[in-house]
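Model the full structure from these sequences, guided by the hints.
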Amino acid sequence: LLIQGIRTGPSLFTEGGGSIVYTFIYGLFLATFLMLPVGLVIGRYAYKTIITVPKAMLVPAVAFMTMIGTYAIRNSISDIVIMILLGVVGWIFNRYGFSPSPIVLGLILGRIAEQGFVQAWTIGAATGELWKMFFGRPISLAIIAFILLSLFYPVIRSRWSKLRLRVSNAE
499 LLIQGIRTGP SLFTEGGGSI VYTFIYGLFL ATFLMLPVGL VIGRYAYKTI
549 ITVPKAMLVP AVAFMTMIGT YAIRNSISDI VIMILLGVVG WIFNRYGFSP
599 SPIVLGLILG RIAEQGFVQA WTIGAATGEL WKMFFGRPIS LAIIAFILLS
649 LFYPVIRSRW SKLRLRVSNA E
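Numbering-wise, the numbering used here comes out as the position in the sequence shown, counting from 1, plus 498.
The hints are simulated quantities; they were obtained by calculation from the structure and are not laboratory data. Keep in mind that this is a model prediction, so the values were computed, not measured. Note that beta-carbon positions come from the ideal geometry of N, C-alpha and C, so glycine has one too. There's no promise every hint is true.
Quick list of the computed label-pair ranges, beta carbon to beta carbon [unchecked claim]: (1) Gly604 / Gly567: 34 to 44 Å; (2) Ile566 / Val587: 13 to 23 Å; (3) Thr512 / Val557: 20 to 30 Å; (4) Tyr651 / Thr521: 49 to 59 Å; (5) Ala623 / Met555: 53 to 63 Å; (6) Ser648 / Asn592: 14 to 24 Å.
Here it is in structure tokens:
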């Protein structure tokens with residue numbers, strides 16, 4: 499869009515760029531629908547070919563491509579080192595029965611959640627209603643309830659199953 503001389507931002511659709519933007523959007527929809535049959539036909543043959551590739555060749559190729567992608571984001575070797583370290587940690591966790599998906603979720607959403615928390619804390623401290631900021635709204639109470647429920651659910655479940663076992667043995 500910038501190449502076409504259209505400024506991006508909130509005024510994108512209001513200051514005369516809307517027709518070009520909608521042309522791009524319609525073009526992307528058309529390309530998506532035209533690529534669907536191609537993807538379905540080629541996907542079958544590609545899948546059959548990929549599953550015949552030995553893991554000794556496929557794993558290094560995928561690892562190399564992920565390293566290139568990681569480096570391409572910020573041109574930083576330290577990002578590749580972090581990726582490798584987190585991959586090893588994820589592999590170790592997976593080997594000992596821990597699911598790596600909560601870790602990935604925490605890494606992705608952690609910064610966003612922290613920024614929101616600091617912003618809410620600052621606003622609450624400035625207005626003098628810090629507790630009301632976190633506990634005075636129904637949505638925040640619902641989120642806190644879900645967090646507490648997910649933390650204590652294993653304990654509640656084990657006690658419930660023990661209680662049911664005692665009742666069934668007593669009968």
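Checklist entry - Taking 53 to 63 Å as the hint, is the beta-carbon distance of Ala623 and Met555 inside that range? => result holds, 57 Å
Next on the checklist: Holds or violated: the 14 to 24 Å window for the beta-carbon distance between Ser648 and Asn592?
Outcome noted: holds, 21 Å
Item to check | Beta-carbon spacing of Thr512 to Val557 - inside the hinted bounds 20 to 30 Å or not | outcome: violated, 50 Å
Next on the checklist: Holds or violated: the 13 to 23 Å window for the beta-carbon distance between Ile566 and Val587?
Outcome noted: holds, 21 Å
Next on the checklist: For the hint 34 to 44 Å, verify it against the beta carbon of Gly604 and that of Gly567.
Outcome noted: violated, 21 Å
Next on the checklist: 49 to 59 Å was suggested as the range; check whether the CB atoms of Tyr651 and Thr521 agree with it.
Outcome noted: holds, 51 Å
Going down the numbered hints, you'll see the structure goes against 1, 3, while the others check out.
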